[in-house]
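Which chain is which? The protein sequence lines are A and B, in order.
Sequential numbering from 1 applies to the first sequence in this note's numbering.
Sequential numbering from 1001 applies to the second sequence in this note's numbering.
Be a bit skeptical, because a hint or two may be false.
[Unchecked claim] Straight-line distance between alpha carbons at most 27 Å, and here's what the computed BS3-like set of lysine-lysine pairs gives:
| no. | chain 1 | residue 1 | chain 2 | residue 2 |
| --- | --- | --- | --- | --- |
| 1 | A | K281 | A | K489 |
| 2 | A | K99 | A | K247 |
| 3 | A | K291 | A | K247 |
| 4 | A | K291 | A | K99 |
| 5 | B | K1157 | A | K455 |
| 6 | A | K455 | B | K1044 |
[Unchecked claim] Partial list, computed: chain B residues near chain A (C-beta under 8 Å):
| no. | residue |
| --- | --- |
| 7 | T1041 |
| 8 | L1070 |
| 9 | F1101 |
[Claimed, not checked] Restraint-style ranges between C-beta atoms, simulated for each label pair:
| no. | chain 1 | residue 1 | chain 2 | residue 2 | range |
| --- | --- | --- | --- | --- | --- |
| 10 | B | T1062 | A | L368 | 29 to 35 Å |
| 11 | A | F184 | B | G1129 | 48 to 54 Å |
| 12 | A | A8 | B | L1174 | 53 to 59 Å |
| 13 | A | G290 | B | L1135 | 33 to 39 Å |
| 14 | A | W14 | B | L1081 | 28 to 34 Å |
| 15 | B | R1086 | A | A6 | 44 to 50 Å |
| 16 | B | R1084 | A | S195 | 35 to 41 Å |
| 17 | A | V372 | B | I1145 | 20 to 26 Å |
| 18 | B | L1171 | A | N405 | 20 to 26 Å |
| 19 | A | F184 | B | F1032 | 23 to 29 Å |
| 20 | A | F184 | B | L1135 | 49 to 55 Å |
| 21 | B | L1049 | A | A8 | 24 to 30 Å |
| 22 | B | A1093 | A | P231 | 34 to 40 Å |
For the record, the hints were derived by calculation from the structure and aren't laboratory data.
Positions of the beta carbon are idealized from the N, C-alpha and C atoms, including for glycine.
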Amino acid sequence: MENLLAGAEMLARWDVMVALLVGSIGGVIIGAIPGVGPAVAIAILLPATFSLDPIVGLTMLLGIYGSSMYGGAIPAILINTPGTAVNALTSYDGYPMTKRGEGHRALSLAYSASFFGGIFGILCLILLSPVLALIAPMFGSREIFLAALLGIILVVLAHRGQIFAAGMLAMFGIFLNTIGLDAFTYTQRYTFGYSFLSSGINLIVVVLGLFALSQAFFLLTAPDSSPEAQPVSGKLTSGFRELMGHKRVASVSASLGVMMGMIPGVGEFTAQFMSYTYAQKSSDTPDDFGKGAPEGLIASEAANNAVPAAAMIPLLALGIPGEALTAMMLSVFYVHNVIPGPQLFQNNIDLVYGLYLALLLLNVIVILFLLVSTNLLTKIIRVPTRFLGVLILILSFVGVYSLRNSLTDCMLAAGFGVLGLILKRLNLPVVPIILGMVLGGILEVKLRSALPRLKTPMDMIDRPISFIIFVMILLVIGLHLRTLIREIKAHQIDDDHDLHDTQMR
Amino acid sequence: MSRVRTLQALFKRYRRPGDIVFAWFALIVSLFLLSQLFEQTAFKAGGKLPAQPRFWPAVSLTGMSFFAALHLLGSALSERLDGRWREVGLWIASLEYAAWFIAYAAAVPYAGYLPATIIFALLLVLRVGYRSRMLLLSTLLSAVIIVLLFKTLLQVKLPAGQIYEVLPDGLRQLMLNYF
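Build the full structure now, drawing on both the sequences and the hints.
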């Protein structure tokens, strides 16, 4: 309880509240505009937050992360274009509801399911915290190394149908992290004699290139369009009453969101698909799914909104980001010398609880904002796409150049922007590159610090938690191989889908 | 024959046009980087293998080459799609916008953040085909708001333009600090 109070005290500052308000409302607007999502916004704002207090910068980024999916539901439901990656399944049932004149009902349900999922995720996080504080110190170098390895394996295997490409890109990310002067032996690695490579390739430069610039290039090279959404009429609070009739679907979906959010490399997509499949299988009217089933909408929105809070668990407790957005947030911690991991719960518990409460507050701010401003947002989302591309390009400059006023960084970011565009056009994922860079760094550092205690390779797994993680790694690979063999026997080949390219916004 | 078919079924996937070009490119880059391993990394005598500076580049580049080869195999065994070179043409066309971005970044230290942003935004908006007065005004307004937000309000670290040096005293200081 005193930790909660300490967290509340941390939030009770005008600059933190302004950051939370700007982040939450900005996040909803960014989420609602198709073509720009939380990844682009966080990438651009990241360097600007470095000069702010950690709690101010983090609440702003957290605000964007936690609220963008609320906004993303609006175009998904009204114009069949998901505002953010994770609203893809929302459009399956939301848009058919709009077509039959139930747009207001669909939006209202999406908001209430999102709110339910968001609050459910935070409550789980708060309830799990004492356990986390107990378990986290048991994670030494070996355990964190194995957990990061599990994260890399999961991020590759989570890209079904694209595993070779995801593996290649994750390895590319690990390689990028090795470029420059090795901090332990002071030897050059892959610098080719260029001094600008000695300090390595900055993660933010790569993030801005792959997420922001690539999106700008994508919009600028594609034909211009302007999304047209019709305003809705009626009270948007009615969804809460309807949600009560689907308590089971909402609870199971939010639980799946929490579970998938906690596992590095998995995230919203898997949570959404699992909960949607569950809702369909357990429904009395499974044939209605995809044609405007309220349960489908609830499953999708409750699951994806439960993820942000859960994704904080591996980030805060172990310093391991599960996906690109938390990987970006990790750099804010590092810049302020606050190292997420077991020590955070001992030394900065007020910051941890401050972030929990910020998450809780942002859900309340967002739902209140949406209840009064949905129709205004339907006007804002009509930004022409090429104009949006120009704005992203200008904003990306601030992000890249403010890091260290380097033109070389801008050139590198532009290069990664072109790579990101190619990957996006080919429907290949970029997230493995970012996670490869971050987790690759963790793998290298933790393996080195574990080495003095390792006499034989088996010493790596001679402690209970490291052994459990090792078994999990074997299990994940084993289960994947089993699924693969079954699929080959059944001659099923994955269809093409747009999951990966949407991750880039 | 049936074995070949099974292999094909294992690797065959729906691809987007241009996938094989990227697959070849990725494999060539991976193999080139791997071939530079001994040139570009050191080996410290007496140290354990995982602590060697060469260890992680070797692991990552071997893995990258392995997966790149499998990706290429998958691409080669999948159905050929029309529009491969048109797609590659689009990738090359995107280099123009990369050049715009670099030119903008190069111009800021000389022309100043505010003037460079306004000029760049207006030129780029014209380049992508917008002509309406409403959109040009929106661009101008957006450019000014971005500068006010990041440079004036948040004081983000950006260089002051050399062009500001020619301004009269009071205005020069204002422009150097806030725009």
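Now for the hints, and whether the structure bears them out:
Between A/K281 and A/K489, the direct Cα distance comes to roughly 24 Å. Compliance with the 27 Å bound is thereby established for this hinted pair. A C-alpha spacing of about 26 Å is found between A/K99 and A/K247, which places the hinted pair at or below 27 Å, so the restraint holds. Between the alpha carbons of A/K291 and A/K247 the distance comes to roughly 21 Å, so the proposed pair stays at or under 27 Å and holds. Of the supplied pair hints, the one linking A/K291 and A/K99 holds, its CA atoms being roughly 10 Å apart against a limit of 27 Å.
Under the criterion of a C-alpha separation no larger than 27 Å, the hint pairing B/K1157 with A/K455 is inconsistent with the structure, at around 49 Å. For the given pair, A/K455 sits about 20 Å from B/K1044 by alpha-carbon distance, which is consistent with the 27 Å threshold. With a cut of 8 Å, the hint placing B/T1041 at the interface with chain A holds, because the nearest CB-to-CB distance is about 5 Å. For B/L1070, the suggested interface contact is upheld, since its CB lies about 4 Å from the closest CB of chain A, less than 8 Å.
Interface restraint check for B/F1101: the shortest CB-CB distance to chain A comes to about 5 Å, inside 8 Å, so the restraint holds. Checking the proposed 29 to 35 Å range against B/T1062 and A/L368 shows it is violated: the Cβ atoms sit about 53 Å from each other. For A/F184 and B/G1129, the Cβ-Cβ distance of about 53 Å falls inside the hinted range of 48 to 54 Å, so the restraint holds. Range check, A/A8 to B/L1174: about 41 Å between beta-carbon atoms, so the 53 to 59 Å window is missed.
Look at A/G290 against B/L1135: about 38 Å separates their beta carbons, and that is inside 33 to 39 Å. Between A/W14 and B/L1081, the C-beta spacing of about 56 Å breaks the proposed range 28 to 34 Å. As the Cβ distance of B/R1086 to A/A6 is approximately 59 Å, the hint placing it in 44 to 50 Å is violated. At roughly 39 Å, the beta-carbon separation of B/R1084 and A/S195 lies within the given 35 to 41 Å, and the hint holds.
For A/V372 and B/I1145, the hinted distance range of 20 to 26 Å is satisfied, since their beta carbons lie about 24 Å from each other. The given range of 20 to 26 Å is respected by B/L1171 and A/N405, whose C-beta atoms sit roughly 24 Å from each other. Here the CB-CB span from A/F184 to B/F1032 is close to 26 Å, well matched to the stated 23 to 29 Å. Taking 49 to 55 Å as the suggested C-beta distance range, the pair A/F184 and B/L1135 conforms, at roughly 54 Å.
Checked against the hint of 24 to 30 Å, the pair B/L1049 and A/A8 fails, with Cβ atoms roughly 50 Å apart. Checked against the given bound of 34 to 40 Å, the beta carbons of B/A1093 and A/P231, roughly 37 Å apart, stay inside it.
Hints 5, 10, 12, 14, 15, 21 from the list above are not met by this structure, while the remaining hints are.
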